[in-house]
Amino acid sequence: MSPFAEYAISALLLFGGAFTLVGAIGLARLPDFYTRLHGPTKATTVGVGAIMLSSVIYFSAIGEGIGISEVLITVFLLMTAPVSANMLAKAAMHIGVETVKDTKGKPWEQ
Amino acid sequence: MITVALYLTIAMVTLAALLNVYRLIRGPDEPDRVLAIDTLYINAIALIILLGITLNTRMYLESGLLIAVMGFVSTVAMAKYLKRGSVIE
Amino acid sequence: MFDRLSFPQPWLSLVLFTTWQILSDGVSGGSAVLGFILAWLIPQMTHGFWPERPAFVKTWRMPWYILRVLNDIIAASFSVAWLILSPRKPQPAFISYPLKLEHPLAISILASTISLTPGTVSADVSDDNKTLLIHALDSSSDEEIIDAIFNRYEKPLMEMFQ
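Going line by line, the protein sequences match chains C, Z and U.
With numbering that gives the first Met the number 0, you'll find the first sequence wraps up at 109, consecutive numbering, no jumps.
With numbering that gives the first Met the number 0, you'll find the second sequence wraps up at 88, consecutive numbering, no jumps.
With numbering that gives the first Met the number 0, you'll find the third sequence wraps up at 161, consecutive numbering, no jumps.
Extracted from the complex, chain C is given alone in its bound form (with noise of 0.2 Å):
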């Protein structure tokens, strides 16, 4: 394999692994539920691409094929990850989840 493969491989590695971890310190760290909604729809899902991209990469340089797979994933989640966090959205507001205090608006009712 050419160093610069390893390299690339190694970066995108740890790069998703980084965005996955924040992802998740986000949905443990911040104060309400639409907050918490921001860091699984985003981060995570650039952290999961990310390390999808390293794969793809990782076997066909080691010769077994370009992965489709993976790109396909990749795509689902992409196309996915905002439709849940709709639904969620959705699902939170109609039950009444509290808002942090100083949070500006508010969500409506219908």
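Hints are not guaranteed to be accurate.
As the list claims (entries may be wrong) - Partial selection, computed: residues in chain C whose CB lies under 8 Å from chain U:
#	residue
1	10
2	13
3	14
Stated by the list, open to error - With a Cα cut of at most 25 Å, we get these calculated PhoX-like pairs of lysine-lysine:
#	chain 1	residue 1	chain 2	residue 2
4	U	129	U	99
5	U	99	U	154
6	U	129	C	89
7	U	99	C	89
8	Z	79	C	89
9	U	88	U	129
10	C	89	Z	82
11	U	129	Z	79
12	Z	82	U	129
Said to hold, decoys possible - To give an idea of the interface, some chain U residues facing chain C are shown, with a C-beta separation under 10 Å as derived from the structure:
#	residue
13	62
14	66
15	69
16	104
17	111
18	116
19	120
Source of the hints: derived by calculation from the structure; they are not laboratory data.
Backbone N, C-alpha and C fix where the C-beta goes; we use that ideal spot for every residue, glycine too.
We have chain C; now place chains Z and U onto it with these hints.
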């Protein structure tokens, strides 16, 4: 070098999964728990991919794809259940 | 009989066919035949669920839009990561965004884009499809966010769906 990066990444993703479990247990509301499970399955997919690189096989990718599909459907079902009290009207 | 052999949604059929080839790891005779059958069967079965044909006119603009969104997703994750790790408390806000788009598909694309990009998650669409409720993780002024969304995402979408 890849081995070191790989083990570091596995450690970080596992720590992330533990933080998700913390949120899953702590709550305080149902949407929080569903969100924690949603993040947990995405982390599980990442761990499966990392396992595939460690063991040098692409066999596990299919299961990652299945978890992605099933996880999304179950998150949507849970969200609908929380909102309407039933999944299929 | 022969009208049943048609493809009511050519784009959906094409996507289904390509996805099936990818899932079966490469094109072969069997996967092409099965993919063709699925590309015919699934649009026929789900025909009733699609309310109306999307009025896509300028499809060739789509790749540019996707590239811009991908670029913004990466930028967004950095800003969200910074907000999560910094000790300062974020200033969350609910913002009502006035929609100018009318087509339901365009609205759902815009809502998904908003969820994936800088510090905002779309929470709900009002029943008359005129307002979008957005939750922002850190907002100093509502107008700034509304302007940014309009100029970056809604305008290109309006040009695509006319």
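So if I understand the rule, the pair passes when the alpha-carbon distance is 25 Å or less; does residue 82 of chain Z with residue 129 of chain U pass? holds (22 Å)
Let's test the interface hint: is any C-beta of chain C closer than 10 Å to that of residue 120 of chain U? This interface hint holds because 5 Å falls under the 10 Å limit.
Restraint status (C-alpha distance of residue 129 of chain U to residue 89 of chain C at most 25 Å): Between residue 129 of chain U and residue 89 of chain C the Cα gap is close to 17 Å, so the pair holds against 25 Å.
Checking hints one by one. Is residue 104 of chain U an interface residue toward chain C, by the C-beta closer than 10 Å rule? Result: violated, 14 Å to nearest chain C Cβ.
Next item in the hint list is residue 69 of chain U. Is there a CB on chain C closer than 10 Å to its CB? OK, holds: residue 69 of chain U within 10 Å of chain C, min 8 Å.
Please verify whether residue 88 of chain U and residue 129 of chain U have alpha carbons no more than 25 Å apart. violated (32 Å)
Taking only the CA atoms, is the gap from residue 129 of chain U to residue 79 of chain Z under or equal to 25 Å? Holds. Residue 129 of chain U to residue 79 of chain Z sits at ~23 Å (cutoff 25 Å).
Given residue 111 of chain U as an interface hint, is its Cβ closer than 10 Å to any Cβ of chain C? holds (4 Å)
25 Å Cα cutoff - pair residue 99 of chain U, residue 154 of chain U: Holds - the C-alpha atoms of residue 154 of chain U and residue 99 of chain U are around 9 Å apart, at most 25 Å.
Can you confirm whether the C-alpha distance between residue 129 of chain U and residue 99 of chain U stays at or below 25 Å? OK: residue 129 of chain U and residue 99 of chain U at ~7 Å, within 25 Å.
Take a quick look at whether residue 99 of chain U and residue 89 of chain C sit within 25 Å of each other, Cα to Cα. holds (22 Å)
Checking hints one by one. Is residue 62 of chain U an interface residue toward chain C, by the C-beta closer than 10 Å rule? violated (14 Å)
Hints 1, 2, 3, 9, 13, 14, 16, counting from the list given before, are not met by this structure.
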